[in-house]
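J.: Next come the chains, spelled out residue by residue.
Protein chains: 2
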Amino acid sequence: MHKEHTLTKNQQIIFDLIDKSPEPMKAYSILFNVQKKGIKAPLQVYRALDKLVEIGKIHKIESRNAFIACHNSSCRVAKATAFSICEICEKVTEISSAGLSKYLANFKDKDGMKYSKYNLEFFGLCKKCR
Amino acid sequence: MHKEHTLTKNQQIIFDLIDKSPEPMKAYSILFNVQKKGIKAPLQVYRALDKLVEIGKIHKIESRNAFIACHNSSCRVAKATAFSICEICEKVTEISSAGLSKYLANFKDKDGMKYSKYNLEFFGLCKKCR
DNA sequence: TTTGAATTGTTATAATATAACATTATGTAA
DNA sequence: TTACATAATGTTATATTATAACAATTCAAA
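Chain order of the listed sequences is S and H.
This note's numbering puts the first residue of the first sequence at 1, with every later residue one more than the last.
This note's numbering puts the first residue of the second sequence at 1, with every later residue one more than the last.
There may be inaccurate statements among the hints.
Identical chains share a label here; the pair holds if one copy fits it or two copies do between them.
[Unchecked claim] List of simulated lysine-lysine pairs, DSS-like, C-alpha gap at most 25 Å:
#: 1; residue 1: Lys-79; residue 2: Lys-91
#: 2; residue 1: Lys-20; residue 2: Lys-110
#: 3; residue 1: Lys-9; residue 2: Lys-108
#: 4; residue 1: Lys-114; residue 2: Lys-79
#: 5; residue 1: Lys-108; residue 2: Lys-37
Bear in mind the hints are in silico, worked out from the structure with no lab data behind them.
Working from the sequences, and respecting the hints, build out all of it.
T.: Printed below as a string of C-alpha cells:
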C-alpha cells in the first residue's frame, strides 16, 4: 500500500475547491475563492498547485492555464495525462483509456527514444455543443 | 494545388525570426528582436502569432508558452501536433510519425467521440542530456 | 531535541496576453 | 474604376498569469 500524501492546510483547502468544481479552475479564481479562508497571495496558491500537480492530485490543462482534480485513482504521479476539451463550452474531461495510455507509454520516436511523461489534449465539440 | 497564404509584412518578419531560431521563441523575446524592424507593441506580435498558428506555419508549445516553425510540410492547418521536449535543455522537436498521427486521428473516447484536433507533448531527456 | 526539509506569509515585480478604438491596406464584385 | 467588405495595422492602456526574494514557522526524522 502506498503512503498517501497528507495534504497541508493550504493544499487541502485548494484541493477541495478544485475537486468540487465542475470545471477547470484558474489560479486567480482559486485565489479569489479562498481568500475568506486566509489564503491571501498568489504565491500561496501557486505553491499549493505545484505540489498538488507533483503528487498527481490535480492536473494542469496547459492550453487553458487551468487545473482540474484527478479522478483517475491510479494517478499517484502526474506523468501521463490525456484530456478532451470542448472548444465551445470549454468542458474538460480526463480520458482514461488503457489502450491510449499503453500506446503512448510505448511510443518511440524515429530515433528510438521513449518518453517518461506526456500530456495530450484533444479538441472538439462535446455532446451538448454539437 | 493549394493557394499558399501570402504573409503580410509583420507576419513575414515574425515567421522568419521563429523559423531561423534553433529553439522555441517566446512572445516577448520575439518582440524584443523585431523592434528594430518597427514592430513595437505586444499586440502586433500576438496578432501575427495567432495568424501564423491558424494557418499552420508555426505551432505553440503550450506547456512552454513558446512558438516554433512547422517543418512538417503537410501542416496547412494546425490541427494535429506532437512534440518531444527535453526537460533539461528544453530542446523541442516536432514529431512526425504516420503511425502516431493515424492512431490519434482515429482515437475514440469511451462515448465513441472522435476529435478534430489534438496536441501532444512528450517529456523526457534528449540524447545529449541523458 | 535539534536539525534539516518543507511549508508558510508577505511584498514586490516579472512575464504573458487581451481590450478598445482609430486607421490603413487589400481583395473582390458591381 | 469605384466602392464595399474584410483583414491587418498602430497605439495606449490594462488584464491575467506566474515568479523572485527573504523572513518566519512547522514538522518529522535522526
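J.: One pair to classify: Lys-20 and Lys-110, alpha carbons no more than 25 Å apart. Within, between, both, or neither?
T.: For Lys-20 and Lys-110, only the inter-copy Cα distance (23 Å) is at most 25 Å; the intra-copy one is 42 Å.
J.: If the cutoff is 25 Å on CA atoms, where do Lys-9 and Lys-108 land: within, between, both or neither? Let me know, please.
T.: neither (41 Å within a copy, 39 Å between copies)
J.: At most 25 Å between C-alpha atoms: does Lys-79 with Lys-91 qualify within a copy, between copies, both, or neither?
T.: both (22 Å within a copy, 19 Å between copies)
J.: Can you tell me if Lys-108 and Lys-37 fall within 25 Å by alpha carbon in one copy, between copies, both or neither?
T.: Neither. Shortest intra-copy (47 Å) and inter-copy (42 Å) distances fail the 25 Å Cα cut-off.
J.: Cα distance capped at 25 Å. Does Lys-114 pair with Lys-79 within a copy, between copies, both, or neither?
T.: Both: 13 Å inside a copy, 24 Å across copies.
Checked against the numbered hints above, the structure violates hints 3, 5; every other hint is satisfied.
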